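The lines below spell out each chain.
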Amino acid sequence: MKNKFIRTLLLALIVGVFVIWGTSYIFLSTMGPKTKAAGDTIALSFLPTSFVNIASNYEINVRILATPSKDASFRGYGMNLNFDKTKLSFKSITYLVGSVSNGLGNTTNDVTAINSAGVVKVVGESQSSTGTLVTSSLGAEMITVTFKILNTSQNNITISSPSFYSLNSDSSLYSGWTYTQTVLSVNGTAATLTNTPTPTQTPTPIPTSTTMPGEPTSTPAITSTPVPTATTAPEETSTPEPNTNVTLNLKLRFQGITKKPINSLNSMTVKVKLKKPSDTTIIESSGIFTADDDGIWSGSAGFDMNPVPTENIFVVYIKGALHIQKKICDNSPTETSAGTYSCATNNIALKPGDNNLDFSNLTMLVGDLDQNGIVDSVDYAMIRNNLSKTDEATLNKSDLNRDGRVDTQDFSLIIAALGVRVDEQ
Amino acid sequence: METNNSNIFKFILIVVFIVLVILGGVLIFKNNNKNQEKAVSTENISPTVIPITKRGFMNISEEISDIKIKNQVDLKLSVDSDGENVTAFDVLIAYDPTKVEYVTVNSLNPDFKAYTKDKEGNISLTVVKTNLNNVTSIFKGDDIIRLIFKPKTTGEIGFKILPSLGKETTKYVNEKTQIIYPNINEVSVSVN
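Protein chains in written order, with our numbering: chain P, 1 to 425; chain X, 1001 to 1192.
To be clear, the hints were calculated from the coordinates, so they are not data collected in a lab.
Wrong hints could be hidden among the right ones.
Listed below are several chain P residues computed to face chain X (Cβ distance under 8 Å; list not exhaustive) [unchecked claim]:
no., residue
1, G98
2, K276
3, I374
4, D376
5, L413
6, A416
7, R421
8, Q425
The structure presented is a predicted model; accordingly, all values stated were derived computationally and were not measured.
Note that CB positions come from ideal geometry on N, CA and C, so glycine has one too.
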């Protein structure tokens, strides 16, 4: 009787130990609290946003910008960069954040395999155990890839299978990001946003329309680039089908730039927005601009406006790559000194097809280096902390007058910009 | 019969013991791996980063406690940069424009200059290090800025540092262009 009692007690003890251990294993090991909330998104975009009118045998540099919805430290990242191997030829790849994961990611040495497949397999990792912190305000350029144009007909470069690994506060890895990515159009039309949801998360849509503060969000903006007009390759039999019916051919002047910049800096992506008459909707496009010997920048931005409004009175917004947004209401506006032009009434008439607008008598003020719409301590620090630097990455972000060096002239310009502070709306 | 039962019980006990030992071993092994990962992740720290947690502080406080309606309200902004060498910082300060009128801002540190924008009861202040020398600017609760207001009424007047307003944020930026978000405060001033 006594033995039976002891056995029962022992069995109960064993079962109890199992239950306690099993419960703690299930709930503490595999169902512990996650440090990241669901719905974190990384926007993957191309820089520049499109290439137009690039002739055969020219090379283009494509950068991929990753912008997380919240600040995060990344340990690793990967994606496939898909291109049309009949129209582009891969030349080289540089990992800007961390370095290639040996044996996993493609390098420039893999040129033959990449051009055979038409896919660049990007796998990089941060060398720091704490990762590389990427802010939601600035994002980070992850890679630069150089392609050679084989054929001038329209083609796209796309991103697929993105995967980013960030560090949780307990140093564990987090991979539950969802992604939005653009398509890079080469010699044709450009970027539209697509969402790639992961099975477990709901993607956060990125707004594609821009509205004025206080105004309701409305229809998505159409981002497009102008139709190539000049160069065609010998094998070309037809010109690309245009997706734009209104093209703005613009002449612009940017503060501090008085002559043609050095070659590597003589290209700028400029955002152009149109505000429709009697409407709050703003439609947005962008174009690549280049400067002449006098520092006047020329380029085009195409818009798909269907139908073209009959009341063709528009406001145009111009925002250079490092600049404060300017609101313009006149076909040929002038000002007595830089930054004094003020928009009064909408006077810009647009028609289907080409519209030539000379804004070169206005100065587009510089200062919004991180392109968040305001000039603040971050923009200032990007100049002061990089004084005397001449490397290309720094120059692209901080050389305001594009003379090949971050110097006291740039410093003076950013100090002046602190008095302006915000995009014109 | 008694012996058979005893043997079966012993067998079960041994099996359970072995299973427990194996599972215990697995758990210990997993724990060791976790600890090793953590050890690796704390070495070689050279972040190009922005700490997500708040560090240091930006506090406003009144310079004189007994304020008369005919006098001005002087607030000082104290900054602690938690060991960081500050290049510039932004502060957003909210006040009630029906009770007090913003007059001006003065820098109390000769190396730094303040740029302000006052709109509808919100002062947006960008303070930048204009001195181009290499002297570090690590603040340890230093008074950097004086804000001057003119009271319109008697009573309690509140001033508050906002973490963000629209696209603007209260933050400081160090010499590596890293953004650090500080702890902030609010203060109530009594005007007689």
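Now the hints, each set against the structure:
1. G98: Hint on P:G98: violated, closest Cβ of chain X at ~10 Å, above 8 Å.
2. K276: violated, 24 Å
3. I374: Since the shortest Cβ distance to chain X is 5 Å, the answer is holds.
4. D376: holds, 5 Å
5. L413: violated, 13 Å
6. A416: violated, 10 Å
7. R421: holds, 6 Å
8. Q425: violated, 11 Å
This entry does not satisfy hints 1, 2, 5, 6, 8, going by the numbered hints stated previously.
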